[in-house]
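Protein chains in written order, with numbering that gives the first Met the number 0: chain A, 0 to 145; chain B, 0 to 248; chain C, 0 to 573.
Any given hint could be a false lead.
Some but not every residue of chain A turned toward chain B, in silico, with C-beta under 10 Å [what the hints assert, rightly or not]:
{"id": "1", "residue": "38"}
{"id": "2", "residue": "42"}
{"id": "3", "residue": "43"}
{"id": "4", "residue": "56"}
{"id": "5", "residue": "95"}
{"id": "6", "residue": "98"}
{"id": "7", "residue": "130"}
{"id": "8", "residue": "133"}
Read the hints as simulated data drawn from the structure, not as lab findings. Glycine included, each C-beta is placed from N, C-alpha and C at the ideal position.
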Amino acid sequence: MARPAHPHAMQPSRPGSTRTAPPQMPPRYPMGGRYRNYTLFDATGLVYLLVGFVALRIVWALGSGREAWQSMLNQLENPLYIAFHVLAFVSVVFVAVRFFSLFPKAQPPRIGPAKPPPAPVITAMLYGVWFGITAVMTFVLIGGNL
Amino acid sequence: MSERQKKTFVITRFDPDTDEVPKTESYEIEVEPYWKILDAINYIKDEVDPSLSHRWSCRMAVCGSCGMMVNGEPRLTCKDRLSGYGDTIEISPLSNFPVIRDLVVEMDGFMDKFNQVKPWIIRAKELAAEDGPMRQSPEELEEFKQFSMCINCMLCYSACPVVANEPEFLGPAAIALGHRYNIDSRDEGAAERNEVFRGEGTVFSCSYANECSEVCPKNVDPAAAVNQAKFNAVIDWATGLVISRDGKE
Amino acid sequence: MEIESISHDIVIVGGGGAGLRAAIAVAEADPQLSIGMVSKVYPMRSHTVSAEGGAAAVAREDDNFEMHGFDTVKGSDFLGDQDVIQYFVQEAPKELALLEHWGCPWSRNEDGSVATRAFGGMSTKRTWYATDKVGFHMLHSLFQHSMRFEQIVRYDEQFVTKLLVEDGVVRGVASLNIRDGVLRIIRGRAVILATGGAGKIFPFTTNGNIKTGDGMSLAYRAGVPLKDMEFVQYHPTGLPGTGILITEAARGEGGYLRNKDEERFLVERDYGVGTKAELGPRDMISRAIIQEIEAGRGLEGAHGQYMNLDLTHLGEEKIQARIPMVRELSKLYIDVDPVEAPIPIRPVVHYMMGGIDTDIDGATSIRGLYAAGECASVSLNGANRLGSNSLTECLVFGARAGRCAVDFSRGIDEGSDANLRAQAEEEVARIEALRNKRSGNEKISRLREELNTTMESGCGVYREEGSMQASCETIDVIKQRLADVSLQDGSRVFNTELIAAMELANMVDCAEAVARCAVVRKESRGAHTRRDHPHRDDQNFLHHSLAYYEPGSPPRVGTKPVTLGKWEPEERKY
C-alpha cells in the first residue's frame, strides 16, 4: 500500500456527502520508476548547497594567508573532496541535460510579436552557451589571457 | 479465435458504509488477448461481482471516465492493453484523490480548480450570432490546439508530486486549460487569468517534474502548458509595471 | 426522514450538447432565473463527446438554406417535418457561429474562415469540423462556457428516476444522488429532458455505456408518446468487435469502401446512391454493405464478416491533418494503421431518429415538459438522419427548448408540495426495495444481453415480420423477468448495480417501443427496411408512429401526420 498523500489533496471546497478514504501518494513516488530522476534532480540542490560551503571555505582560506591557502589545497587532494567534486560535476551535467531537454517546450508559442525558434535550435543554443562558457573558464583557469 | 488466458486482478475495494479503510480483493478470470484493462473490469462487474463500482462510458478514450491506477501507474483503462501485463494486475483508484467507493474517486475538488482558471472565452465586447464566426488562421489555431485536447481524465493529477503535497495547487489540467484560452487569438482575458496564475498555489508551485505529460493519454503535454504559463505570467507582470492597463489595476 | 426539496426555475436533465445549450439559452434569456442541471455523469463525460465528423450549417457561397433543407428532407425519406427543417437550416449557421465565439477550435481555411467538409447525403461541403473530434470540442466548449454562469447549478452524478407530474403539468423531478443514495425532489417550473439516445439496447453500437434511453423512458412513463422509434440508424463504419465509430469524415475526405475483391461496390453496383458513391446516406450504405456480405463478398474476421474502408490513397499528411482520431482509434483498437492498410468496418447501431414526441418548440404533451437532442424526436431526421445534422440539432433545438421553457415558466405557479412529496416517497420506497432485493433468479447482465440479442435479430438493418414478432415476444418476457432481478450490492454509496437495474428498465421501455412500432410499419422507409415490404408506401405510411405507454401491457401504437411543405415526396434516389 502506498503512503498517504496530503490529507487535503484534491478535496473539494465543500465536503462531499459521504465519508471518503484519504488520498494516497502515487505508489512509485519518490524513488520508483520515472520519479527517481525527478527526486534526484531535486536532491542535487543539496549538492549545490555543499558546493557553496566549500567555495566559502576556499575564499576564507585565500584571505587568511599563504599557509591557510596551502593547507586548503592539500585538503582538496583528499579522495573525499575529489569524490565530492566528481559528484558535483555529475550533478551539474545531470541537471543541465534534464533542464535543457525540458526548456524548449516551456516557451510560449509567441512572446509579444516574436515567435521563439524551433525546439532543436533552442537546445543547440543552450548547449552552445554552456560549452562556450565552460571553454572560456577553462582557458582562463589554465592561465590563458583573454 | 485466439486463446483465452487466466489472469488475476487485485482490485482495491472500499465501501464507507462497511469498511474503515480500503482493502483488496482478488479475481481470477479468463481474458481475451485483445481486451483492454477496462474490458476485464467490466467482465468482473457483469459476471463475477456486481458490487464492484467503477466509472466508464465511451470505451474509446475520449470521455475520460475510466482513469485508474494499474500496477501503480495512472492509466486510461479503456486504452490500456491487457497483453502488456503479467499474470497478476493490481487495480486501484487514482492516486492523490479521496476515494468515494472502490475505484471511484472524488471529482469535485478537480471541478473546483477547473472553475478557477475561467475556462471560457473572455471578450471586452461580446459578439452576436449574426456577426458570424471570427477569423483565426490555421497557425493561430495550431498555437493552442494541443492544449484543447484534454479529456479531463485526471491522470495528470494522479501523477503529480506537487498535487500530492500541496492541496492548493491548481494542477496540470486546470492550468493547461487556462493557458489554452490565454493563447487563443480570439480571447482577451489573459490579464484576468494571469492574475489568477500569479496567486498562491498556481503556476509557480509547479516544479516541472514533467510526470503529468508522461502519463497523459492524449499527448496534451500539460507540463509544457504550465511552464509556458509561468513565462507568460512573468512577462504580463513585467509589462504591467511599464504600461498601465485600461480599467484595470 | 423528510425528503429534501430544492427549487429552481428551470430544471434540465442531461448535461450533453443539448442540455448545456439549453442551460446557456435560459441563462441568456433571463439572468435572474436559476437553473438546475441534473446529469448522471459529469457533463464532460456525456456522449456528445464521442461524435467525430462535424456539424452541418450553410457556410459557403455555393450553398443555401434551400439546398440544406432539401438534402435533409430527402435524407429523412420525406418523414421529416418541413417546418422544423426550415427553421433548423436557418438557425444552424448562427448556432455554429456562437459555438465559435465560445471557443470551439474549428478547423480553418488559409484565410481564417471556418473550413467545411463533404458528408454523406449533403450536396455540398457544409459540415464544419474541428479535425475529427467535433463532438469532443463542442461538448467541452459548451461546458466550459456554461461555467461562467453562476446561476447554472449542477447536480452531477444524479440519476433522475421519475418526472413529478401533477394534473398534466410537470413540477420537477425525483433525483437520486448516486454518491450517497439519497433521493431528492428538484422542482422546476419547467423541465427540459436532454438525456440522449438509447443505443445500448443493441449489442453492437457506437454508443457509450450511459446511453440507456433514460429520458425517453421518463417521458414515456409519464404519458408522453415516443415518436418514430422504429427508425434506428446504423452507421456504416464501426470497428468489428467493439463497435467503435470510424467517422463518416473518413469518406468525406475521400475514403473508399471495398469488398473482398477490392471492388468499390457502391460504384460497381446500383445501391441507389448514384454518383454519390461513398457519400451516400447512411441507411443506403449500411444496406449495401449487408447485401455485399450476403452475396459472399465480405471479408472474414474474428468478429464476423466485414468490409474494408480504404484510406491508403489519402496519404499520411492528409489523414493526420483531417482525421487523426480515425488513425488513433484504428491503431489502438484494431491494430491497423490506415496510412498503410484498409480499416475493417461493419454497420453498427449509432443513433435513434425516434424519441420523445415534441413540437418545434421542444414542447411535449405534458405542460412544462420539453425535450431536445437525441432523446427527443422533433422530426428533423424523419426516417434517416444525415450525418452532421445531429450536433447542430442539439444546439438549435436545445436553445429553442431553453427559450420556450423560460416563456412557459413565467406563467405558471409552483404546484402543490404535498402531491410531489407523496410521489417522491413512493419513489424512495420503490428504490429502497430494489436496492435491498436479494431474492430473485435474474441477473442484470444476463437480461441486458438477451435484450441486446433479440434487438439485433429482430430490429437490425433488414427486418421482417417473423423476427420482429419474435423480438416483441422476447421483450414481453424480459419485462416480466425484470421483476425477478436480484441485486448483490446493498450499499447506498455509489451503487452502480442499482443504477444499472434502473437503466435496464429504461432500456426495455425503449426497446419495446422500437420493436412494436417496427412491426406496425409495413413498408420500407429510411432506416426501417423490411424484406417483406421492400417499398415505401406513402399511401398508408406517410405519417409518424407514436408509442403510448400502457402499464402492464405493450404500448399502444398510434400515428401523427407529417408536416409537409414545398417538397413533395418523390422517389429517393441519388
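query: Among the hints numbered above, which are violated by the structure, and what are their numbers in rising order?
result: 2, 3, 4, 5, 7 and 8
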